[in-house]
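**Q** Spelled out, the chains give:
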Amino acid sequence: MTCLKSLPLAAAMLTLAGAAHAEWPTDRPIEMIVAFAPGGGTDIMLRTLAPYLEAELDAQFPVLNRPGAAGEITYTALSQSRPDGYTVSSLNTPGFLTMQIDRKLRFDPADLCPIARIVEDPGTFIVPASSEFQTLEDLVAFAKENPGAVSIGTTGVGTDEHMAMLQLERTAGIDLTAIPFGGANEAKTALLGGHITAIGLNVGEYATSDKNAMRALAQFAEERSVLAGDLPTAKEQGFDVIMSSERGLATRCEVPEDIRARMAEAVDAALANPEFQAQAKQQSLPLSFQSGADWQAAMPARLDRYRDIFALIKEGQ
Amino acid sequence: MNTFDLLMLGFSEAMTPANLGFCLIGALLGTLIGVLPGIGPTATIAVLLPITFFLPPLAGIIMLAGIYYGAQYGGSTTAILVNLPGEASAVVTALDGYQMAQQGRAGSALAVAALGSFFAGTVATFGIAIAGPMLSSFALNFGPAEYVALMVFGLLAATILASGPVLKAIGMILIGLLLGMVGTDQATGAERLTFGSLDLFDGIEFTVIAIGLFGFSEIIANLERSGSEGVKLAPMSRMWPTREDFRRSWPAVLRGTGIGTFLGILPGGGATLASFSAYSLEKKVSKHPKKFGTGVVEGVAAPESANNAAAQSSFIPLLTLGIPSNNMMAMMLSAFMIHGITPGPSVLTNQPEIFWGLVASMWIGNALLVFINMPLIGLWVKLLTVPYRLLYPAILLFCCVGVYSMNNRIFDVLLAAGFGLLGYAFRKAKCEPGPLLLGFVLGPLLEANLRRTLLITQGDPSIFVERPISLTMLAATVILLALMILPSFRKKREEAFQEEEA
Chain A
1 MTCLKSLPLA AAMLTLAGAA HAEWPTDRPI EMIVAFAPGG GTDIMLRTLA
51 PYLEAELDAQ FPVLNRPGAA GEITYTALSQ SRPDGYTVSS LNTPGFLTMQ
101 IDRKLRFDPA DLCPIARIVE DPGTFIVPAS SEFQTLEDLV AFAKENPGAV
151 SIGTTGVGTD EHMAMLQLER TAGIDLTAIP FGGANEAKTA LLGGHITAIG
201 LNVGEYATSD KNAMRALAQF AEERSVLAGD LPTAKEQGFD VIMSSERGLA
251 TRCEVPEDIR ARMAEAVDAA LANPEFQAQA KQQSLPLSFQ SGADWQAAMP
301 ARLDRYRDIF ALIKEGQ
Chain B
318 MNTFDLLMLG FSEAMTPANL GFCLIGALLG TLIGVLPGIG PTATIAVLLP
368 ITFFLPPLAG IIMLAGIYYG AQYGGSTTAI LVNLPGEASA VVTALDGYQM
418 AQQGRAGSAL AVAALGSFFA GTVATFGIAI AGPMLSSFAL NFGPAEYVAL
468 MVFGLLAATI LASGPVLKAI GMILIGLLLG MVGTDQATGA ERLTFGSLDL
518 FDGIEFTVIA IGLFGFSEII ANLERSGSEG VKLAPMSRMW PTREDFRRSW
568 PAVLRGTGIG TFLGILPGGG ATLASFSAYS LEKKVSKHPK KFGTGVVEGV
618 AAPESANNAA AQSSFIPLLT LGIPSNNMMA MMLSAFMIHG ITPGPSVLTN
668 QPEIFWGLVA SMWIGNALLV FINMPLIGLW VKLLTVPYRL LYPAILLFCC
718 VGVYSMNNRI FDVLLAAGFG LLGYAFRKAK CEPGPLLLGF VLGPLLEANL
768 RRTLLITQGD PSIFVERPIS LTMLAATVIL LALMILPSFR KKREEAFQEE
818 EA
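These protein sequence lines map, in sequence, to chains A and B.
Here the working numbering is used: the first residue of the first sequence is 1, the next is one more, and so on.
Here the working numbering is used: the first residue of the second sequence is 318, the next is one more, and so on.
Calculated directly from the structure, the hints in this document are not laboratory data.
Take these hints with a grain of salt, some might be off.
Said to hold, decoys possible - One side of the interface only, derived from the structure: several residues of chain A facing chain B at Cβ under 8 angstroms: (1) A129; (2) S288; (3) P300; (4) L303.
Stated by the list, open to error - Examples of chain B residues lying across from chain A (beta carbon under 7 angstroms, computed): (5) L457; (6) G460; (7) Q503; (8) L517; (9) D519; (10) N724; (11) G776; (12) P778.
For every residue, glycine included, the Cβ atom is placed at its ideal position computed from N, Cα and C.
Construct the complete structure from the given sequences, taking the supplied hints into account.
**A** Set out below in structure tokens:
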């Protein structure tokens, strides 16, 4: 009896759910959670992108900052959201991958599916303009003769700069000293004051710095970045160092496949918009679209590489 | 072109109706968010950043800069009226400002704060114009070793801050240092004192502690003293500062401006350190140091001029080197970059109208702020006549909204409430929270820089005495310490002698 009674109700609810589903994305605003404080690179990128996504999908994209724990607070919030396509978040590597190595996480990384990669920004090593080092080789040669004397400014243990430094140490057989700073700008100040030898920066950050004051030695990408076409990669100089940070968007894997596909299409279309490209160029965003599926497929290999590097950190301690 | 011509170029840029308008909008908006506790200029500017894309570069930057120094003016208002420092740099203003307000001298305190800020802003602006590039190269000489010496000096100066016994002040500093440890250790990635909580992973926000210790505990104490009737204020004696107030303020403003301009250039915590140092210095040179904390006008004039001077001079490293000295300046850097301008020496030569236009607009903005704030003082003071049973829920609400909006999480609000209770306990124990906050700000800086220094020298501490700036500051610390210990030493000795004679 009860069964029979609730059947039509269930059917009605199903239709309702179906109707709500069909209305995506105009039912309500799509919340875009940014894992970093307002004003950071990821925040500005997504705030710049949001109006173009709004135009593509005819929906609203309010931005909400949930900074903390290198993104874990945001990823946890995303993994607890309803899988209806109305919540998306920023996704950053290497942070999203490295936190899976050394921490007990409060969310399951397998719950999060990337929608699209927007930017890939290779790392670089920067020296002051007055430095004697012209190439990465110069720096390596000096470090070989003076173990530990070359100090590299990083933004902490296990960050991209630190991992790039560890790779260089291993591949060149040298001993460098990592100096942790609170952020790239603090490190830059110490570099210009001549207190440290070099700092790690992303190409995007280097492109917006005063190039008369500092010089890049190498970029740590497979291929030269669009932002620095005349800067040789470390591989070209004979050192196997690959390190880049990627920024994109993600949502829950339980969000229906077709919605995720439409989101990715919208991102792709927004990135192709010449107006957006002009803005991205002014902000020195190294745009590099990759579909969510491709990005996700590339992640296990990256994760393995980072695991190897983290093993080096453990050895050092 | 000489400096004068360039400054004229700047004024002609800044005086266009559109730029004047944006300057006014920025200053107004800044005052507003400065008055609201917790809602800081950083978040406001982040939200407005994409809008500036549609403005001409100079107009956008002028508006954002206006928000920043406008907030410095506004921030003192709540500190003085309801003991709620909205910004780190307004904490010491609350010490004497709030006492003045309770004695019916709120108008005087607000006027002195606004005029002192204006004077300091003017001096610092012209400081940027004349000596900007030179000052910034000095700031670069400040390496990790120099910071260590500066922080040690600052921590010692913190004990002067308190009017009570030195032992209690040291205890509060130690608690502040402990709270500063919470979070992920930068050098090893280890979690410290987080108790496995994700919310403590990045440490505790300054605003959470400040609003808890000052704002919440003040409300609890008021309710306890007088129930919902609130504090019985002395009748408003007069709006405008007395001649005596002016006479005592101006040397304090001068000293505050000097300290603020200098410390503002240094990256990291410049404005906060400036206001704390200015207050400590006033207390040290004063003929009646015991009266500090009971509503002396110098205690408002010095820190307020120092933090405004620092707010202006923190633009120096950004404009001349392209290096932002704090989060706010990082946001300004983004504002430049949105327009494809990379701040640095090349902007000075290639686009002088941007640099000089901004410098000129800062002075205009400061003048506008005095005009905005002076008539408003009457309005703000009226706020105090609102019955306390209506006023305190409103204050509580604004505090909670402000704390919540920093990271969009309820945890911070609960934490602030916890600090409110702690602050109430401190009050009962007659411990002042000022030194705690300074310890909280300086501790992490001291630790990080000490580790950096020793990493760079590979463990050799002799760098601290080999570098002249560091040596000078460490020597000053030793002298200050000796001065603090000697009088009591002498007194004790005299007592001993008297006992012998007897």
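**Q** Determine for every hint whether it applies to the structure shown.
**A** For each hint, the structure was consulted:
1. The closest approach between the C-beta of A:A129 and any C-beta of chain B is roughly 11 angstroms, which is over the 8 angstroms cut-off, so the hint fails.
2. A hinted interface residue such as A:S288 counts as satisfied when its beta carbon comes closer than 8 angstroms to some beta carbon of chain B; here the least separation is about 19 angstroms, so the hint is violated.
3. Taken as an interface hint, A:P300 does not check out: its beta carbon lies about 23 angstroms from the nearest beta carbon of chain B, beyond 8 angstroms.
4. This hint is violated: A:L303 has a C-beta 18 angstroms from the nearest C-beta of chain B, more than the 8 angstroms allowed.
5. Among the interface hints, the one on B:L457 holds; its C-beta lies about 4 angstroms from the nearest C-beta in chain A, closer than the 7 angstroms criterion.
6. Among the interface hints, the one on B:G460 holds; its C-beta lies about 4 angstroms from the nearest C-beta in chain A, closer than the 7 angstroms criterion.
7. Residue-level restraint check for B:Q503 holds (minimum Cβ-Cβ distance to chain A is 5 angstroms; threshold 7 angstroms).
8. Taken as an interface hint, B:L517 does not check out: its beta carbon lies about 9 angstroms from the nearest beta carbon of chain A, beyond 7 angstroms.
9. At about 5 angstroms, the closest approach between the beta carbon of B:D519 and any beta carbon in chain A falls short of 7 angstroms, and the interface hint on this residue holds.
10. The closest approach between the C-beta of B:N724 and any C-beta of chain A is roughly 6 angstroms, which is under the 7 angstroms cut-off, so the hint is satisfied.
11. A cut of 7 angstroms between beta carbons decides the hint on B:G776: the least distance to chain A is about 10 angstroms, and the hint is violated.
12. Violation of the interface hint for B:P778 is found here, the shortest Cβ-Cβ separation to chain A being roughly 16 angstroms, above the 7 angstroms cut-off.
In summary, the structure is inconsistent with hints 1, 2, 3, 4, 8, 11 and 12 from the numbered list given earlier, while agreeing with the others.
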